Structures are given as structure tokens and as C-alpha cells.
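J.: Chain A is already provided as a structure; the job is to place chain B on it using the hints.
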Amino acid sequence: MRAFVAMLGIGLTLSAVSGAQAYHRFWANCNYDAATFMTTMTRDAAQDYANAARYEGYQWGGGCWNYDDVDSYPNDPPEQTGTHGEGGDCSGLTFKTWRESTDGSRDGRYYWRALRNVHGPYTAADFRAGYGAPNHTVAKSTAGVMDAFASSTHIGMVFVRSLYGGDQIVEAKCEACGTNIFYRTYRSDSAYGGVGRWGWTG
Amino acid sequence: MGLDRLTLPVPVLAVCLAAACSSGGGRPAHLLDGRPAPELRPVRNSVIAASRLLERADVQVCQAGADRTGVASDAPVVERTGVDDHSITFASRDGSRVYACDGGIDPAGERAPPWCGGVVGERERGRLLDPRLDVVCHDRQHRPLAYAFVEPVARAGWIGVRQDGFVELYDVVAGLPVRVASRRGIDLENARAVFDVTQYDAAGRELVREELEAAVAG
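Protein chains in written order, with the numbering used here: chain A, 1 to 202; chain B, 1001 to 1218.
Treat the hints as calculated values from the structure; they're not laboratory data.
Keep in mind the model is a prediction, meaning the values are calculated, not measured.
One thing to keep in mind: the hints can contain errors.
[To be verified] Simulated DEER-style distance windows between Cβ atoms:
#1 B/R1041 <-> A/Y55: 42 to 50 Å
#2 B/L1053 <-> A/S141: 40 to 48 Å
#3 B/E1039 <-> A/D48: 54 to 62 Å
#4 A/S188 <-> B/S1096: 18 to 26 Å
#5 B/E1206 <-> A/D33: 38 to 46 Å
#6 B/G1109 <-> A/V145: 26 to 34 Å
[Stated by the list, open to error] Incomplete in silico selection of chain A near chain B, CB under 8 Å:
#7 E79
#8 S105
#9 A114
#10 V118
#11 P121
#12 A125
Ideal Cβ positions, reconstructed from N, Cα and C, are used throughout, including at glycine.
Next up, chain B with everything else stripped away, as it sits in the complex:
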């Protein structure tokens, strides 16, 4: 059931709860799953999102209906857990498609946690044509959360995303585009988001900085 069919008190209550739960800026001490948030020393005020390579994952759950005929059953799956975000990323056998499942709260209440969105990206000559922005998810405080892919440049070991008061670092794993998230720069009305992205080498030296402007498409 959508909000348009609900009576007033429920959305008002949700807004009040979100406002009460809002946290200020500053470096968070913990990741989404409660584990301590480590810092990469060369990057000030950074938080390293946890990542691990899964040999198998239940990708059916978040990619319901998606055409995954080209995905090997033992395809490597990269799982990432950040401060507000949680995602998995995997690719088709021939590398022509990259899939991601995005974690968070589904504001429509139709999808069971942990997943609230899923995207498919087409690759040409090994690079994604589009960052596959997803703006349908909310974080645990019911604030909008945007996900997008970032293609690592040569020698990149970390992808940094400027958040409120800290830089969230995602490591480059398995030669796949890196699924990043942000609560900043989201324009829900126009289904767009701007990510302040800095890429670092493995030692934390800055390689390139860019504003990634992404829009929901396709």
C-alpha cells in the first residue's frame, strides 16, 4: 500500500522518528553492522567500509526476475558494509554485465530487509556505460540513500566518498566496479545524485578527484 492511501498519522510519525534519530556530522565509530569503523591513516577522517569476497551468495533474493543466465554459479561476489550502506556486487561470466544489490529500508515496504534495490549495468570494453544510480533506498533513520558504481582508475586501491564529516573508503576488489553510497547530494525529485569521489592508491595517496553526477536511467 502506498502513502497516498494511508491516513495522516503514519507518515507524520515516520517524519518525527526520522527527525529524532538524525545524527550530526563527525567521524562515526561504527559500521552499519556494529563493528568498529577503522581508519586509513593517510586519509584524514576516513572510515574503511568492510568488504569481503564471497564464493557464493544468494543473489536470487535481491535480483528477483533479473536475467542472470550469464552469471556463473560460482561467480565471485563482493560484499560491502559501510556506515549506512550494505551491498553486494557480481558480474556475468563474460563480464558484459555487472549486478548489484543495494541494502537499506524500502520506503514502499514491499521488499524485506536487507535489500531494497537491485541494478544491472552494461559494460563496453570493460567499462560501465552508466553508474547505475539507485535512489529508492532509505537508511535506518529513513533518510534517502543513493548508491552508484565507480570505475577505479589504474592503480586505484581505494575509492573515497565524501560524507557528512568523514570520508568513506571502499576498497577495489576482484576487478569489479565499486558500489558506493552516499546520503549527500541526493535530488529525489529528479532522481539524480552527485557523489564527491576521490580515488587513492593502496597506500592512500590521492590519484584523482571528481564529482560523479549520476541519474536514474534505463
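Chain A with its partners taken away, still in its complex shape:
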């Protein structure tokens, strides 16, 4: 009996250790390289960048992914930064796609590679209010390609402006739905406002 209890204790300890390690997974592949300061930033290039992040998953507070079109760790618990899975969250994807600086007073163009683990200082609500030197609010009716719609809790970028009132939105939506392009009606949703990035060069 004593041996059984001892083995049980060891087993429980080991299972706890592997559980903790399981939450330090994808980020082991990520890096903290400096961003590359760019003189240009086109909406076409931003579309390509966000499009390439499709299928790479969603991670609350994240901003690191590869390009294998698979979410390495889907369906983590919601709103847990410690799960360290693949993908950005909505504001992290926007931050990287819009080539922003981690310093909110800087409005230059900073290219972040996919595996550079960076989220940026802004939440969806910050974007919604146009906070940060590179960001501003725009009228929803004029929001165009790679402008965005943001609410208090979510932001998605306009990939293609569609007919019939909606838009094709590229967004990191949730653990279960990942990062993808979805048809959304944020443009007519009163919870959402239009936001944009200063400094497009084309």
C-alpha cells in the first residue's frame, strides 16, 4: 500500500510537470530580433502579410507564427497569455501587419518577421480610440483595404471591401476559429468604429 501511494505521488508530480511544460511550447520557436525599419509600407504588402498568417492559429497576447498553414496548438483556454501557442491575437496581428513600433510615440514603419514574438502595446480598445502615434480613427464609410474596424474587444482589417454591406475581414478571431478571412458586417455594427494607420506609401 505504501509503495502504491508513493508511486501515485510520483506519478502525479510527473503529470504536473509535463502539464507545465506543455504551456511553454510554440514560443520556444520564436525569437526577439529587432524589427527592420522600413521606408515604405503598401496596402498590397500588408494584405500579403496578413494573408500569410491565415491558418496559423490564435494566441491571446501572442504575435508569433510560422508559415506551415497549421495552428500548432489550437483550442487553448480563452484569454490565457501563459499558454504560449502559435498565432497572434486580433490586436497583435494588426500591430504586426501595420508595421508599428513598440514605442507608442513612434509612427515609423517597422517590419516584424513572422517568428518575432511581439504583440505591441495596443489592445483592440486602444486601436478603436485611435491611440498611439501611428493610429487614427476613420469614418466607417470610407474605410478601405487594410484599414480596420475595432470594438472594445476585437479588431479586424478590411481585406476586400464587398458588396451587400459586408466586408472580407482578415482577423485573428479566437482559439477555435484561428486567423483567417471571414465575411463580416462590422461596417454596419454600432459596436465597431473605423480605424486606420498613418503612413501608407502605396
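T.: Frame of chain A, contents of chain B only:
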């Protein structure tokens, strides 16, 4: 206008001013608004942040554009004034969301004082899913200032946050998460911060101590 479009002298001047204004550690004598900083005797080197319950507050100013349709016009608003920080906290009618406005200097110069940030937190079964870290504000000496929510444990009367040379105490009010601030443990590059938090009961007896690791998200 962002720093990237400014010429060199202005940021250099800001750095020099910040360096000249930096204060050392030690228990401060005053809160941000100039009133004397009281101490809670059982907690050595403590400073009690002032708090009050407002029946109404102009929450529009700091939560521009936020969806507040679920917030009652007479919702209680908790205002806190600490050594370097100033915030208000309120909740939606059904308690599913908690809002905070964070005070300080907006380094981008886009928001008029006193507010430099605002957050919205989602609650599930009465608890916040995420501490809603905010790292965009600076204090009056232009040093980074981080704000986050702390959920009080049962019987908690005070939330203590270790600062440089003292413990800042925030009282638990109106059953809301407590908005705390710190100038320590901030990693701006990665939008993260670590808060050294100790929770005390109303008499100042220690209940629980933890390192709250928070990241900007969502």
C-alpha cells in the same frame, strides 16, 4: 505627430528632463495630488492610495468609442489616486465587463490629461479572465507606468503592490477588481509587466502573495 517625424532635440530634451526629475527609493510623503500619504501601521513602509466611490463620473472622456451600452448611468465608479497613478473603475450592469480609465501622460501626446489609457475586461463567473495590462502611460517624470487589475481573494481588504522602497496599498471597494499600478517590472518591448502583489485583510494581516505576470492582449 510621432517621434519618428521629430528632429533630435525634442526627444533628447525629454530624456534629460526625465533623468533630472528621477527620484530615488524610499517612502514618499505625498500622493500624486499632493495630499499627505498615510501609512497602514501593520504593513511596514506602506502608503495608502486614496480611494472614493463616485456616484457619477464622466466616463465618456477616457473611454472614447468604447461600447458602454451595458453601463448604468448611475453605476458606482471607484476613483483611486496613488503616488504615481490615478484611475477610475466601473462595471457593466450585469457585471460581465469591467472598465478602467488610467491616468498619466500620453507619450504620443494625443490624449489630454488626466487620462492616457482605457481598458475593458471580460468577466466569467464573476472573475476577470485577464488582468488587462496597460503600458502606454507615463508618469509625470515621463517614466513608464503599468496598470493592471487584481482580483481580491476572499477576506481581502487591501491589495499591496511592491514599489521602489515602499508598498502601495489599494483598498477593495464595491466588489470590483482593483486597478493597481507600478513603475517596476515593466518590459515595454514585449508589452509585459510583473507586479509583486500581496493581499491583506482589513487589519493588514497578510493573506496571499503572488507575482502577477501580465501581458497586453486582445
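J.: Hints the structure violates: just list their numbers, smallest first.
T.: 1 and 9
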